[in-house]
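Q: Fit chain U to the known structure of chain V by using the hints.
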Amino acid sequence: SQQGEEDPQALSIQEGENATMNCSYKTSINNLQWYRQNSGRGLVHLILIRSNEREKHSGRLRVTLDTSKKSSSLLITASRAADTASYFCATDAATQGGSEKLVFGKGMKLTVNP
Amino acid sequence: DGGITQSPKYLFRKEGQNVTLSCEQNLNHDAMYWYRQDPGQGLRLIYYSQIVNDFQKGDIAEGYSVSREKKESFPLTVTSAQKNPTAFYLCASSFRGGYNEQFFGPGTRLTVL
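In order, the protein sequence lines correspond to chains V and U.
Throughout the first sequence, residue numbering follows this note's numbering, covering 1 to 114 in sequence.
Throughout the second sequence, residue numbering follows this note's numbering, covering 1 to 113 in sequence.
Watch out, some of these pointers could steer you wrong.
Simulated DEER-style distance windows between Cβ atoms [to be verified]:
hint	chain 1	residue 1	chain 2	residue 2	range
1	U	84	V	67	22 to 28 Å
2	U	86	V	41	17 to 23 Å
3	U	96	V	54	39 to 45 Å
4	V	54	U	77	40 to 46 Å
5	V	52	U	28	38 to 44 Å
6	U	27	V	53	23 to 29 Å
7	V	69	U	63	46 to 52 Å
8	V	75	U	41	33 to 39 Å
Simulated from the structure, these hints should not be mistaken for laboratory data.
Idealized CB from N, CA, C, for every residue including glycine.
Just chain V, with the same shape it has in the complex (with noise of 0.2 Å):
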C-alpha cells in the first residue's frame, strides 16, 4: 500500500538554486522520514520529523510537516550537481499497538546541472 505521494515525480534545476518537493499521505502518522538514493544503490536517510513538529533543519535540508493537510515538504538550499538522486518520503501509520514498518511513496528524481 502506498502511504506517501512525492510531487513532482521529477525536477530538474541549476546548481545554486532550490529545490523544494512535496510528499502528501493519507493516514495519521507518528512521524516521516525522507530518504535519498543514487542510481543503483540502497537509500540513506536524511531526515525524520514527528508528528508534533511542524519544521526541521539539517545543514541544506528544511522539512515541513502539516499534519492538518496529511502533508510534507523537502527544501533543498543552494543545490549542487551531487544532490541529483531521487527522493522518497516514509511515513509509519499510527495504529494501535505501535508502528512496525514505513511506507514509501514512489520517489522523486531530482536533477541538479551544473
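A: Just chain U now, kept in the frame of chain V:
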C-alpha cells in the same frame, strides 16, 4: 566498520530456480526488512522481522520466503512461484519500531533469464 551488507550485487537466475539473497548487519538492530524496487514503483515491502525467530508478511510476500535464525542475518529466498522476480532488492535494518530510521544495504539486482 558498522553497516549492512547484501550479496551478491548482481544475480542471474534461470526460470524455475530458487535463489537466496543474503543480508547481514552488525548494527545490533532488532528489526530487518526486505523491499523490492521496480522502475517507477518505489519500494514495496516483502517481509519484515522485529525479533529473532519471528517475521511478518509485507505487501507483496507471495513467492518469497525468509528466515531469521540470527539477529545479524535475514536471508530472502525468491522461489519459482514468484512470477516476475526481476527487480532490485533492498535490505534494511533499524532499531525496533517504525518510528526509527532505517539503514539500507547496497542492494541486489536479480535478473531472470
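Q: Determine which of the earlier numbered hints do not hold for this structure and return their numbers in increasing order.
A: Of the numbered hints, 1, 3, 5, 7 and 8 do not hold.
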